[in-house]
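Number of protein chains: 2
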Amino acid sequence: MKGYRIAIVGATGAVGTKMIQMLEQSTLPIQEVRAFASKHSVGKTVFFRQKKVIIEALVPESFEEIDLALFSAGGSISKEFASEAVKHGAIVIDNTSYFRMDPNVPLVVPEVNKEDLKKHQGIIANPNCSTIQMMVALEPIRQKVGIERIIVSTYQAVSGAGAKAVFELEQQTQSYLNRLPKKEWQTDILPCGSDQKHYPLAFNALPQIDVFSEDDYTFEEWKMINETKKIMHDQTIKVVATCVRIPVVQGHSESIYVETKEKIDVSEVRELMEKASGVCLEDDPSQQIYPQALNSVNRKETFVGRIRKDPDIEKGLHLWVVSDNLLKGAAWNSVQIAETLHEMNLIHG
Amino acid sequence: MKGYRIAIVGATGAVGTKMIQMLEQSTLPIQEVRAFASKHSVGKTVFFRQKKVIIEALVPESFEEIDLALFSAGGSISKEFASEAVKHGAIVIDNTSYFRMDPNVPLVVPEVNKEDLKKHQGIIANPNCSTIQMMVALEPIRQKVGIERIIVSTYQAVSGAGAKAVFELEQQTQSYLNRLPKKEWQTDILPCGSDQKHYPLAFNALPQIDVFSEDDYTFEEWKMINETKKIMHDQTIKVVATCVRIPVVQGHSESIYVETKEKIDVSEVRELMEKASGVCLEDDPSQQIYPQALNSVNRKETFVGRIRKDPDIEKGLHLWVVSDNLLKGAAWNSVQIAETLHEMNLIHG
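Residue numbers (the working numbering), protein chains in the order written: chain V, -7 to 341; chain H, -7 to 341.
Hint data in this document are derived by calculation from the structure and do not stem from the laboratory.
Don't take every hint at face value.
Heads up, the list lumps identical chains together, so a pair's fine if it works in one copy or across two of them.
Stated by the list, open to error - With a cut-off of at most 27 Å between alpha-carbon atoms, the simulated BS3-like pairs for lysine-lysine come out as follows:
#1 Lys292 <-> Lys174
#2 Lys44 <-> Lys230
#3 Lys(-6) <-> Lys44
#4 Lys189 <-> Lys292
#5 Lys106 <-> Lys174
#6 Lys44 <-> Lys292
#7 Lys189 <-> Lys301
#8 Lys156 <-> Lys174
#9 Lys307 <-> Lys(-6)
#10 Lys292 <-> Lys175
#11 Lys253 <-> Lys301
#12 Lys267 <-> Lys253
#13 Lys253 <-> Lys111
All of these numbers come straight from a predicted model, not from anything done at the bench.
My request is simple: use the sequences and hints to build the entire structure.
Right, here's the structure in full:
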């Protein structure tokens, strides 16, 4: 085999850029990488392993000679083009939320449920960034003692809202440092580009990610609830989330409370984490060692620390879980799905 | 009566400065304000209602002509001088943690337990900033349906660590925007001046406030646990906290899960909050209305929003609670205690 022909759809975005980097580092046999993006990027150049790749416009025929298509260009593009890609014989790994809850589409975190890949029908969904790192951290606990209940509060980075949102945060921050009045700060995107009102994030915390939905939870919060149940194959796990954007560029942090089915000691949890795939244990309070967003940048692991027993609930545990939202939360998990498909011999299967 | 003679101990700090502002706005009868601070500030000038106040050095005799002494100069100063102030006939309102758990010292949030002031023996403790706003938000719920359990994750502003920490965050932030490598950022104070290691807070989240203590919880987390039980007069309430510093200058945010003893609807909680003393309800998801740290700056209220039912637990509620940590969390609560003592006729009592 000469290697796979891979398409990146949304190649110039915050995630697309990282997808190319992750493919550069990948052990996947790669014959060719092709890059697709919106009209105003067509003709521009990106690089894959020092080779120029010209950005192309996306049409259904784009997928004729493609084996794997990694989508990260928004739900509407996935809706329009994913089935076209499958029709032309490509396997789609989709980073948007569009297909995640489709019962015919596996939703995969390789450390947790790679077996689900066997049932794929052409499209595989990459979970939401904040869900993925929580799954990596909690799966070892679930396997050992079961999980009854999860309560999570997130501290999410702005790069999850795209490259323009990062620029907006940096502009606002400079405006603050220059002592410009708040009304002169650039405030056009956050908390959510598609919503009505926009608020500054610089030196602020915004308890809204994505738009509001049922029962006054945001879509981001429902994603964490519903995706957890699907990935862990357990509709009975109680999950609830409060999702908050903070002025961090890269690296999501999560304060997680978990109630297990059976009792487990903190020392046992630490042992589990040391052995767990994809986890890096950073947990030594005596040395002030705990996961930090800034330290997670450009790392593929999920960092777990501040593990402690609830003072009142025998089966209650608290954890602090951090990961690079653009890598394990998006680009790396997508490329890791591709690598896993290859290892499991499921491409051209 | 000519009004009270009031001493501010720690008058040049982040909180002391705000104490003077709060006294300027207060309806308390005030005859004189005197300001005390550390050696390097002695002789400098602050202003109270346009009148110059020269900073003095603190000695036991400083309190001879003082009725009320507001302390915010660190636990060691409170330890050394609070009893001297009482000996000289002053009432001490102490903003440090030094006396908070002393059974002879009332720990007071006026909206919750002002009756405790009647038992004071000269010293009254102001609770921890993160505890105060949680108490203001939860007391109306506790009174109506009782509270079984609280799980809180905080998003705390850097001004809680003092004026130098604010400067450090701003310097680090400018270094980031100037694209200086992280190792060149000024990192001498945060997360905790008295601890061994220091980490950058700019574009980061640090899950450590104060030093580590028993069972790998930080002191800040134990403060929220123990102070809640003392203020609410209920040792059976289950409380647990994860305290996190984020790159915000002023305004603490909290993601709070509360399990009540009896069932209550979200609409009833909103009604309670509308009527509650010291609370400002900001909760309309359809209009993207929710509390924000930036909007809380220089406001005395505690802002409550994102009120919603837990999807699985019948008596479970989630809230997002924000308040200015320097005002309700410190200076305003202290001055409010002074006003309440006056109203209850407990000064010179």
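Against the structure, the hints:
1. Only between protomers do Lys292 and Lys174 lie at most 27 Å apart by alpha-carbon distance; the minimum there is 20 Å, versus 36 Å within a single protomer.
2. In this assembly of identical chains, Lys44 and Lys230 lie within 27 Å of each other by CA distance neither inside one copy nor across copies; the values are 48 Å within and 60 Å between.
3. In the homo-oligomer, the alpha carbons of Lys(-6) and Lys44 lie at most 27 Å apart inside one protomer (19 Å), although the nearest pairing across protomers, at 82 Å, exceeds that limit.
4. Taking identical chains as interchangeable, the C-alpha atoms of Lys189 and Lys292 lie at most 27 Å apart only when they sit on different chains, with a minimum of 25 Å there against 34 Å within one chain.
5. Proximity of Lys106 and Lys174 under a CA criterion of 27 Å is satisfied in neither setting, with 47 Å inside one chain copy and 37 Å between copies.
6. Taking CA atoms no more than 27 Å apart as the test, Lys44 paired with Lys292 passes inside one copy only; the shortest distance there is 26 Å, against 58 Å between copies.
7. Taking the shortest Cα distances, Lys189 and Lys301 sit within 27 Å of each other only across copies (25 Å), while inside one copy they are farther apart (40 Å).
8. For a Cα distance limit of 27 Å, the shortest separation of Lys156 from Lys174 qualifies both inside one copy, at 19 Å, and across copies, at 23 Å.
9. Neither within a single protomer nor between protomers do Lys307 and Lys(-6) lie at most 27 Å apart by alpha-carbon distance, with minima of 52 Å and 60 Å respectively.
10. Taking identical chains as interchangeable, the C-alpha atoms of Lys292 and Lys175 lie at most 27 Å apart only when they sit on different chains, with a minimum of 22 Å there against 38 Å within one chain.
11. Taking identical chains as interchangeable, the C-alpha atoms of Lys253 and Lys301 lie at most 27 Å apart whether they share a chain (14 Å) or sit on different chains (23 Å).
12. Only within a single protomer do Lys267 and Lys253 lie at most 27 Å apart by alpha-carbon distance; the minimum there is 21 Å, versus 40 Å between protomers.
13. Proximity of Lys253 and Lys111 under a CA criterion of 27 Å is satisfied in neither setting, with 29 Å inside one chain copy and 45 Å between copies.
Hint violations for this structure: numbers 2, 5, 9 and 13, all remaining hints satisfied.
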